[in-house]
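2 protein chains.
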Amino acid sequence: MRIHKLTRAAFATFGDVISQEGANPSLVNRGTAERFHDLANIDVADAHGKPLLSLFRARPCQLPFEVTSMQRHPLGSQAFIPLSRHPYLVVVSPPGGFDESRLIAFFAAPGQGVNYAKGVWHHVLLALDEVSDFIVIDRGGAGSNLEEVNLQRPVTISAEDLRSLAFDIN
Amino acid sequence: MRIHKLTRAAFATFGDVISQEGANPSLVNRGTAERFHDLANIDVADAHGKPLLSLFRARPCQLPFEVTSMQRHPLGSQAFIPLSRHPYLVVVSPPGGFDESRLIAFFAAPGQGVNYAKGVWHHVLLALDEVSDFIVIDRGGAGSNLEEVNLQRPVTISAEDLRSLAFDIN
Chain A
14 MRIHKLTRAA FATFGDVISQ EGANPSLVNR GTAERFHDLA NIDVADAHGK
64 PLLSLFRARP CQLPFEVTSM QRHPLGSQAF IPLSRHPYLV VVSPPGGFDE
114 SRLIAFFAAP GQGVNYAKGV WHHVLLALDE VSDFIVIDRG GAGSNLEEVN
164 LQRPVTISAE DLRSLAFDIN
Chain B
14 MRIHKLTRAA FATFGDVISQ EGANPSLVNR GTAERFHDLA NIDVADAHGK
64 PLLSLFRARP CQLPFEVTSM QRHPLGSQAF IPLSRHPYLV VVSPPGGFDE
114 SRLIAFFAAP GQGVNYAKGV WHHVLLALDE VSDFIVIDRG GAGSNLEEVN
164 LQRPVTISAE DLRSLAFDIN
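Sequence order for the protein chains is A and B. If you use the working numbering, the first sequence corresponds to residues 14 to 183, in order. If you use the working numbering, the second sequence corresponds to residues 14 to 183, in order.
To be clear, the hints were calculated from the coordinates, so they are not data collected in a lab. Keep in mind that this is a model prediction, so the values were computed, not measured. Idealized CB from N, CA, C, for every residue including glycine. Hints should not be assumed to be uniformly reliable.
Said to hold, decoys possible - Taking beta-carbon pairs under 10 Å as the criterion, some of the chain B residues facing chain A (in silico):
#, residue
1, 32
2, 35
3, 43
4, 48
5, 52
6, 71
7, 80
8, 99
9, 132
10, 138
11, 140
12, 168
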């Protein structure tokens with residue numbers, strides 16, 4: 014499947030791109046630090062929910078990789094912020110009834126995090142290259158916060174798809 | 014001032030140490046990732062508060078450094094998770110009325126984040142060595158969430174203090 018460059022505009026339907034790029038910092042701490050403020054809509058604090066901070070350590074996927082299932086969290090957003098300088102893949106589909114014809118893949122470059130908005134269908138982490146650590150901020154608390162679907166027609170992400178993206182960008 | 018090694022036990026009065034070390038992961042994402050679950054008490058979601066996710070880019074402090082003031086956030090916790098592999102210093106004092114005789118300094122090693130519990134006195138970021146990026150999770154929303162105090166007797170952190178810590182650890 015085609016892989017797209019991850020930009021705020023391209024990802025707006027699905028949530029936030031978490032990055033200093035394009036954000037305007039303010040000076041804090043008596044001028045010793047820049048604060049890039051409020052970069053994601055962390056939407057987890059309903060009456061029964063609270064923010065959870067966790068760390069994920071993901072094994073890289075092997076290409077070609079077959080996308081066979083997707084998931085979503087109906088009760089809260091979920092943010093992934095890479096602690097490693099490795100890229101990863103993001104596969105999403107719009108919220109609402111799942112439509113596998115609307116799957117879209119993005120290439121998250123080093124330094125880019127993502128925050129899936131509540132209810133957005135997404136694949137689980139697809140690290141590339143190396144074992145990669147991520148900070149994860151999602152919702153804890155009562156309620157059923159995971160739905161999964163299997164694709165009728167699995168979709169393949171190939172090394173060639175990645176090379177084509179590199180060609181598109183450069 | 015003496016600098017202490019940052020451990021969960023030593024920091025328990027002040028909040029959480031955010032680290033994989035000593036945490037028990039569970040396997041998630043069909044066994045492709047380990048989840049180190051709920052590593053900090055993100056305490057920001059009162060009736061008027063919401064979690065804010067921001068990035069800080071901090072200039073390193075120069076040693077010797079004089080600690081002249083401290084601050085606290087009475088309405089919420091504040092977490093700092095380094096995105097860079099550089100150490101930093103954490104200077105805190107217990108919650109409640111400020112007592113400058115109870116200041117304590119910790120050395121946060123690469124990979125260690127901290128979460129200041131609500132109301133814990135702390136110094137602003139003290140990056141070491143290099144310009145360092147941090148993810149920050151704190152509270153947004155109505156209410157006055159910053160108090161600052163100046164020390165009657167400023168305290169100095171010297172390069173020698175850091176060397177002494179290294180000697181203690183090794």
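List in ascending order the numbers of the hints, as given earlier, that are violated by the structure.
-> As far as the earlier hints go, 2, 7, 8, 9, 12 are violated by this structure, in ascending order.
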